[in-house]
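Undergrad: Convert by adding 8 to the 1-based position in the sequence shown; the result is the number in my numbering.
Treat the hints as calculated values from the structure; they're not laboratory data.
Warning: the hint list may mix true and false statements.
DEER-style ranges, computed between Cβ atoms [said to hold, decoys possible]:
id	residue 1	residue 2	range
1	298	212	14 to 20 Å
2	70	146	36 to 42 Å
3	299	30	39 to 45 Å
4	85	483	42 to 48 Å
5	280	522	54 to 60 Å
6	113	531	33 to 39 Å
7	258	298	53 to 59 Å
8	302	258	45 to 51 Å
9	140	418	33 to 39 Å
10	265	418	47 to 53 Å
11	483	509	36 to 42 Å
12	408	30	27 to 33 Å
13	47	400	25 to 31 Å
The C-beta atom is built at its ideal place from N, Cα and C for all residues, glycine as well.
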Amino acid sequence: MTAPTAAAGSVAPERRRPGRAPVAGAAALTRLVLRLDRVRVAVWVLSLTALVGFSGASIFGAYADEAALAQYAATVEGSSSLIALSGPAVGLDTYGGRIAWEIWPFGVAVALMAAFAVGRHTRSEEEAGRTELVRATVVGRHAHSASALAVSAGASLLVGVGFALALLALGLPVVGSLLLAAGFAALGIVFGAVALVTAQVTEHGRAATGMASAVVALSFVLRALGDVGSGALSWASPFGWVQATRPYAGDRWWPLALCLVAAAALVAVALALEARRDVGAGLVRPRPGPPRGAPGLGRPLGLAWRLQRAGLLAWAVGVGAGGLAFGSVAASADDLVGDNEQIRAYPAQLGGASLAEVFLATVLLYVALVATGFALQAALRPRSEEAAHRAEWVLAGGASRPRWLGSHLAVALAGSAVVLGAGGLGTGASYGASVGDAGQVTRIGLASLAFAPAVALVVGVGVALYGLVPRATAAVWAVLALAVVVGVLGEGLDLPQWVRDLSPFTHVPGVPAVDVDVVPLAALTGVAALLLTAGVAGFVRRDVA
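Turn these sequences into a full structure, and let the hints steer you where they fit.
TA: Here you go:
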């Protein structure tokens, strides 16, 4: 169906049909993408807006006056790890500046939201073969890119509107609130354009999204290194540009122009690259495989490992790096709390644990929530394999259904333990280095594994849905969303206990602040085993798509 190439293996540009505009049909495709993504975009926008609102409200509740804020600002100015996490200590002696500094890391989520949207509706559609079918109609070569960018930029702007409303509802200054919200929207627009470029490079959707995510991570690291250094590297990162706007502490609008110029340049590059390649091809051709596959690929477990190993490595490295960053902050927990008696009284409710241990318990909970994201992604890989009709080939080759699905589950569960351990070891290493106690590496690394049963239970819910009600499989992400809300916002929202009990992570002891209790962990493991068994049994009995 594609145009023939000039030579075998070469990449020829798509021939432009007379009278067809490059973006013909973009409006119709945009409406289609909006229909497909309306729920996903709403969840992103509402979730991030809620996080901003409750983060701001918690700061107003934690600091009685500007004197308390000034004390906190002095602590941050002396902490390189805190500056690396959230940026320079600018305007921290005001409520607006303190809130802006607190929520700057949310920019990573906005950037990923935009990048995922573009990758999902460009390269992933090409890989699935749907783009080629659509282009057989009256659709221009850049229509898919234009529609994906429009939806991604629109979602970023909606996030900005939500942030602005949340900040204004807190009573913060109008100009600073609008500037801060515009900065987050600009981040989404820039990294949406980045994803459009990476979509031209490779033939595979996962690889394109992974490359865009790597650019997001690299940009954040450059900003962090610049902020703790001379500041020069910060100007090489869009995160540094938006932080240079200094909301509530100078209100500079001009750095946002850098984001718009960069986005326009990236879009121009992406469209030029798209015009030079054929549909379904990437600018970088994949390397030819070896004449013979590795012996392990002939077994379901070996194949599952081969499919998942790159993702596992990326998740483990990312979570481990996050643990390193947050662990170093734990040693300063006492200084960060200052004279806040409400927070200082909390450790007494846990049997006299230190503030540092309470902070570490919170960090490990966040590590577990992120590890659950990997576990679900890995455990539900069979769903995408089935949808792409690759599962049929494997099952037709002699692999039994329980063995094939069980191999993916084994990789998912073992991989989640690796991600948990990486986060725990990273946290323990940096905390141990801060307090001069090497034993914290082992202690916190092992403590992180206490969350493995809760992770397995969430995976069990997803597998049960996949095996018994395949169309409802995506609903498992609502379980993770509930766990995030309970874990991150439960105290601030003052949720009733029965709602908190719906999250499996509520039943995990808050290690290392408290001792491990094996009874709830055994109960979680038992429920997870039942759900996994039900899911596998359902998959064995139903038809494969």
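Undergrad: For every hint, state whether the structure bears it out.
TA: Each hint tested on the structure:
| no. | hint | in the structure |
| --- | --- | --- |
| 1 | 298 to 212: 14 to 20 Å | 18 Å, holds |
| 2 | 70 to 146: 36 to 42 Å | 58 Å, violated |
| 3 | 299 to 30: 39 to 45 Å | 42 Å, holds |
| 4 | 85 to 483: 42 to 48 Å | 46 Å, holds |
| 5 | 280 to 522: 54 to 60 Å | 58 Å, holds |
| 6 | 113 to 531: 33 to 39 Å | 34 Å, holds |
| 7 | 258 to 298: 53 to 59 Å | 58 Å, holds |
| 8 | 302 to 258: 45 to 51 Å | 58 Å, violated |
| 9 | 140 to 418: 33 to 39 Å | 36 Å, holds |
| 10 | 265 to 418: 47 to 53 Å | 51 Å, holds |
| 11 | 483 to 509: 36 to 42 Å | 19 Å, violated |
| 12 | 408 to 30: 27 to 33 Å | 50 Å, violated |
| 13 | 47 to 400: 25 to 31 Å | 29 Å, holds |
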